[in-house]
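The hints should help you fit chain A onto chain V, whose structure is shown.
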Amino acid sequence: MQHGKYRFIVGFLALPLGLYALFVVWPFIQSIYYSFTDWTGLSPEFKMVGFDNYSRMLDDEIFWKSLQHSLLFALLLPVVTISLALFFAFMINVGGRKRKNGPVVSGVRGSSFYKIVYFFPQVLSIAIVALLFAFAYNPDSGAINSILRGIGLDGVQPLWLGDPDLALWAVMAVLVWSTVGFFVVLFSAGMASIPAEMYEAALLDGAGRATTFFRITLPLLWDTVQSGWVYMGILALGAESFAVVQIMTTGPGGPDYSTTVMVLYVYQKAFRDGQAAYATTIGVALLVVTLAFAAVVMRLGRRERLEY
Amino acid sequence: MKTTQSPAPVPAESGAPVTKADTPAGPPPKEKKEGTVLNAFSHGILVLWAFMVVMPLLWAVMTSFKDDRSIFSSPWSLPDTLHFDNWSRAWTEANMSDYFLNTVLVVGGSLVGTLVLGSMAAYVLARFDFPGNRFIYYLFIGGMSFPIMLALVPLFYVVNNMGLLNTIHGLILVYIAYSLPFTVFFLTAFFRTLPTSVAEAAFVDGASHSRTFFQIMLPMAKPGLVSVGIFNFLGQWNQYMLPTVLNTDPDKRVLTQGLVQLAVSQGYKGDWSGLFAGLVMAMLPVLAAYIIFQRQVVQGLTAGALK
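Protein chains in written order, with the working numbering: chain V, 1 to 308; chain A, 1 to 307.
It is worth saying that the hints were derived from the structure and are not from the lab. Being a predicted model, the structure only gives us computed values, none of them experimental. Treat each hint with caution, since some may be false.
Quick list of simulated restraints, FRET-style, between CB atoms [said to hold, decoys possible]:
#, chain 1, residue 1, chain 2, residue 2, range
1, A, ASP129, V, TRP26, 23 to 33 Å
2, V, VAL176, A, PRO195, 40 to 50 Å
3, A, GLN215, V, SER112, 30 to 40 Å
4, A, SER208, V, ARG302, 44 to 54 Å
5, A, LEU82, V, LEU72, 38 to 48 Å
The beta-carbon is built from N, C-alpha and C at its ideal position, and this holds for glycine as well.
With the rest of the complex left out, here is chain V (with noise of 0.2 Å):
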């Protein structure tokens, strides 16, 4: 197969690794060196300004409440929707299994109309969803407050999107909205290459079914929680916190800085304020976060690999 190898090689990986190098590597190894120089994004002049955006960035009380809320979301968002999903998808694979003359180890009645319906929010955009949130946040006309009215609690009508205490959690809530379903047919994945004879062996033990959630299918499924885990924090980290946080709060990034995340305040220095050099600080900042948090998730998951 040696006749004309390289030649082949070549031809095809130029054009799409020409592409990636072109769009992705190089911008990407761009900003590190921008976030050295005083460029303003406006005109082409710059120069070398050594750390001083990186000093500015530490004394910059809106990068410090930006880098709080994108590591809360970096942290709560996946334990509430991966331990969501974990329940809902064990349910699903494995929590019905008291029927008569089945397969031992089953889901609950209707499983898979579960699966599709969860899935639902996962294909639509996320700006899509955003916007559909934001109408049902309205503290006047939005459907969860007249839902609060109808069942008879005048009293609580919160603003939701427009309180400063409260904006960050309805945003954050959205997101779980829209993930669960992804993990629970991610999970659910899982869980049908577990092999049934290990339920059975429990069964015959007497094992309940918490027991068997915490003795057999969480560390057996435990690489596909761990990689979950990570996948989200980076998504909460990154595009979806930027389209939820951008459409849904006012300002946006809420009333008082309330819901900034750091991907909307990179978006916001380098396009609205003509700060392109000190943004690409930020977003350096953004990437030593998404880095740390994968690394720290990796260390602290470490296990022995069960082999089944």
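Chain A in isolation, oriented as in the chain V frame:
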């Protein structure tokens, strides 16, 4: 919880001792009772979540058929009559038809490009040994964990300098570039699983490398292409951040952008019913595509994380 960390079953044949040591055998009758209580409880939660997923969507559909006044006065009531005019107004006056067309063009072009370029790169990386192979592979894979926003600032100027800002083909090229990491990752794994013998036979018969690829390997890779194709379709159709930054010309807006802009401007005009009609219009195609291709969507989306 030391016990959960290493329950590796030592006597592998029996497969049972995972829990034997830890759990005392509970009496079956008590277990059954726990089962029924738990069942009602957990069924309740499952139903509740299904309800919470479906309600906002149904609410949007319902609202898109109402007039503006009843949207505000009674958000949950059924529409008095079906106001189809909301839909036609959104489609023509609010430019939803243009946004739709732009999205179809951008996603169509990017999807074809992503699949062709992605499978070419993946094929070479999966089946040929050459210096730098690993490096290029990991360079592609690394893109999956980049915070895209970091690259977006200089990317804006790269695209601008090439004269590609606010153009459909510029957006297509950028979409392709950002779709390559996952596509290459997925398809490389897929090409490795395909048998080599067929390709070798073709090569012995005198087919060139590229001919072998296009006429033999690509058709064999069809299931993988379908999965990764649907994954990319959803991702590119739903893309919001890239067009927001690279595509500020009102005439070139894609659907997600158009809707967000519409929401801003309708705030002044007050045409909420038209906006809801637009929202539902943008939701329906992907929901329909998902229901039809449900199995492939799930395969495509879960394959990456499971491998």
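Item to complete: Sort out which numbered hints this structure fails and list those numbers smallest first.
Response: none
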